Amino acid sequence: MGDYIKEIRDPVHVFIRIDETERAIIDSRFFQRLRNIHQLAMTYLVYPGATHRRFEHSLGVMELAGRIYDIITNPDNIVDESIRSFVPRRESDWHHGYWRSVLRIAALCHDLGHLPFSHGAEELISPGWNHERLTVEIIFNSEITSILKEAGIQPEHVAKLAVGPQKYRNEPFTIWEAILAEIIVGNAFGADRIDYLLRDSHHCGVAYGRFDYHRLLEKLRILPARYEGSDEPSLGIEYGGIQVAEALLLARYFMFTQVYYHRVRRIYDLHLKEFLRAWLPEGKFPTDLATHLYLTDNEVQSAIAEAYRYRINEQYEPARCIMQRDHFRLVYEHNPKDHEIYPQPGDLLYQALCKEFDASLFRHDVDKKENAAPVFPVLLRDGTIESSINQSELLKRIPPLIVDNIFVHPSHVKEVETWLRREKDNIIGGTT
Amino acid sequence: MSPETSNALIVELARQLRLRESWCGETHLQKTAYFLKELMKVPLSYDFILYKYGPYSFDLTEQINILRADDVFRLQPRGNYGPTIIEGKHVSWLTNQHHEIIKRYQKEIAFIAEQLADKKVADLERLGTALYVTRENQTTIGAIERAERLHQLKPHISLEEALEAVQEVDTLIEKACMAMQ
Numbered sequence: 001m002g003d004y005i006k007e008i009r010d011p012v013h014v015f016i017r018i019d020e021t022e023r024a025i026i027d028s029r030f031f032q033r034l035r036n037i038h039q040l041a042m043t044y045l046v047y048p049g050a051t052h053r054r055f056e057h058s059l060g061v062m063e064l065a066g067r068i069y070d071i072i073t074n075p076d077n078i079v080d081e082s083i084r085s086f087v088p089r090r091e092s093d094w095h096h097g098y099w100r101s102v103l104r105i106a107a108l109c110h111d112l113g114h115l116p117f118s119h120g121a122e123e124l125i126s127p128g129w130n131h132e133r134l135t136v137e138i139i140f141n142s143e144i145t146s147i148l149k150e151a152g153i154q155p156e157h158v159a160k161l162a163v164g165p166q167k168y169r170n171e172p173f174t175i176w177e178a179i180l181a182e183i184i185v186g187n188a189f190g191a192d193r194i195d196y197l198l199r200d201s202h203h204c205g206v207a208y209g210r211f212d213y214h215r216l217l218e219k220l221r222i223l224p225a226r227y228e229g230s231d232e233p234s235l236g237i238e239y240g241g242i243q244v245a246e247a248l249l250l251a252r253y254f255m256f257t258q259v260y261y262h263r264v265r266r267i268y269d270l271h272l273k274e275f276l277r278a279w280l281p282e283g284k285f286p287t288d289l290a291t292h293l294y295l296t297d298n299e300v301q302s303a304i305a306e307a308y309r310y311r312i313n314e315q316y317e318p319a320r321c322i323m324q325r326d327h328f329r330l331v332y333e334h335n336p337k338d339h340e341i342y343p344q345p346g347d348l349l350y351q352a353l354c355k356e357f358d359a360s361l362f363r364h365d366v367d368k369k370e371n372a373a374p375v376f377p378v379l380l381r382d383g384t385i386e387s388s389i390n391q392s393e394l395l396k397r398i399p400p401l402i403v404d405n406i407f408v409h410p411s412h413v414k415e416v417e418t419w420l421r422r423e424k425d426n427i428i429g430g431t432t
Numbered sequence: 001m002s003p004e005t006s007n008a009l010i011v012e013l014a015r016q017l018r019l020r021e022s023w024c025g026e027t028h029l030q031k032t033a034y035f036l037k038e039l040m041k042v043p044l045s046y047d048f049i050l051y052k053y054g055p056y057s058f059d060l061t062e063q064i065n066i067l068r069a070d071d072v073f074r075l076q077p078r079g080n081y082g083p084t085i086i087e088g089k090h091v092s093w094l095t096n097q098h099h100e101i102i103k104r105y106q107k108e109i110a111f112i113a114e115q116l117a118d119k120k121v122a123d124l125e126r127l128g129t130a131l132y133v134t135r136e137n138q139t140t141i142g143a144i145e146r147a148e149r150l151h152q153l154k155p156h157i158s159l160e161e162a163l164e165a166v167q168e169v170d171t172l173i174e175k176a177c178m179a180m181q
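Line by line, the protein sequences are chains A and B. If you read the first sequence in my numbering, its first letter stands for residue 1, the second for the next number, and so on. If you read the second sequence in my numbering, its first letter stands for residue 1, the second for the next number, and so on.
Because the hints were derived from the structure by calculation, they are not lab data. All clues stand as given, with none of them false.
Think about it this way: if two alpha-carbon atoms lie no more than 20 Å apart in a straight line, the pair counts; the simulated SDA-like pairs of lysine to any residue are:
no., chain 1, residue 1, chain 2, residue 2
1, A, 167, B, 62
2, A, 337, B, 71
3, A, 368, B, 5
4, A, 368, B, 61
5, A, 396, B, 62
6, A, 396, B, 78
Because the structure is a prediction, the values reported are computed rather than measured.
Using the sequences provided together with the hints, build the complete structure.
The following block contains the structure:
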């Protein structure tokens, strides 16, 4: 553990340095599989440059996690005595190096369980499963397990940090483990989030996801949430870093609205799911590791091409939509004015459209789960710790992220648009 | 219970907490929802784990985001603490749809609000974790052992505070049994 033996060029972080154990994991079959999983599903059909894969993202998250660890465990940056008790000392404590390795390897492994096209069709996994559970399975039951054991690293520690407390349910996290997991998967300042914003922005060719992340990293601190009246620590920011934290959260807001929630990207996800439902055995992704290893975007893309070419039953229509780029068209999207009148206007309109026309012509796409502005602790110049929401007028005003799209088959666009122009206000207004 | 029905009960819980002058931030709602589920056996759909300031539900956080998106809840920055959750424009849209279920669990919600509305986050963290360690051990173990476990899980809570919290939770369990008879 520890000595760097190789460096890899990276378009975002310039150089990523790896040690012997990290190299062995990168060389493993499960990690190499990530070369064939697109980071942003079929977003490349909208932003042609978005062909990057989970492989390079995982390397980037490892690099960032290591940098964050070095900053927040630097004794000069431990500003509260309550924190010093659980942070390993840099030079004298063996644990410092051990947990640094665990953290970097967990960051490297955090996406191993991703299904073909990443989040695009993730819901088609068997009940009780998700990509994080597959990640844990791989860490515990594959060639990666042996690599970790040989290096003296407990697979359980790696699994915990890789998926975080939300998905690792075997046992509670210690305070230290919770902080380390937050470095990778944290809502506000997780390395996963920082890397995907920068990397997706770079590859899509949009500027929305960029922010001064060097400054952000320098200002990260472990802080107790005193403003909540608790001594429980989490990742927060030192005074002077609030502006770059705002920039990060705004970058995320704009990347969601402009890229991740782009209407055409969303409809391709729906067509992909329709295809996979028809193509996968019983419409579900397998969860055994042997099949998972060999099921990537490549296999799915070949199957889509074949279904299109040979007009294979119910696989044909969604395959055709993708191959001919003849996707369903947007006829309604989230509108704050309609939302002011009724909280779920898309539901009302979708039901009305299905009654008026053939229901198979429509797709309704809803997502409201994302929190645009998570709250985090901020250390002020006078040593007090406050909630970010009390320190930033801007963070108070970031609107919720809402997807409420209705799509229609290309053959009915004009007819449906005309009908909606006539009926929409009556349908939504009729609820008041 | 569906997430939407659970959300209606959470909206009522928030209302009852505010009525009793609770700060009613997200952490207050998280911990009182845990008590509602674990102590009063209201079958809320949210899954709780031990995490931030004691028992915590990522499902509930996600549902609060949805309630904010639907303008059922709003966040109001206030004083030096975290924001308070207040009612949004469409709150009655949700509660009117689920008034029967809200009526059915009114007594349980009122009990929790009555007992916990005046607690601060640090109190709720201690009490919530005390209930967690009590529930963790299906076989009855003594207060001292549970306090030790609490202190082990949350080292920033002293053993003395942990013991007080475990004893307070035992009293709360008794009160809840009596209230529901």
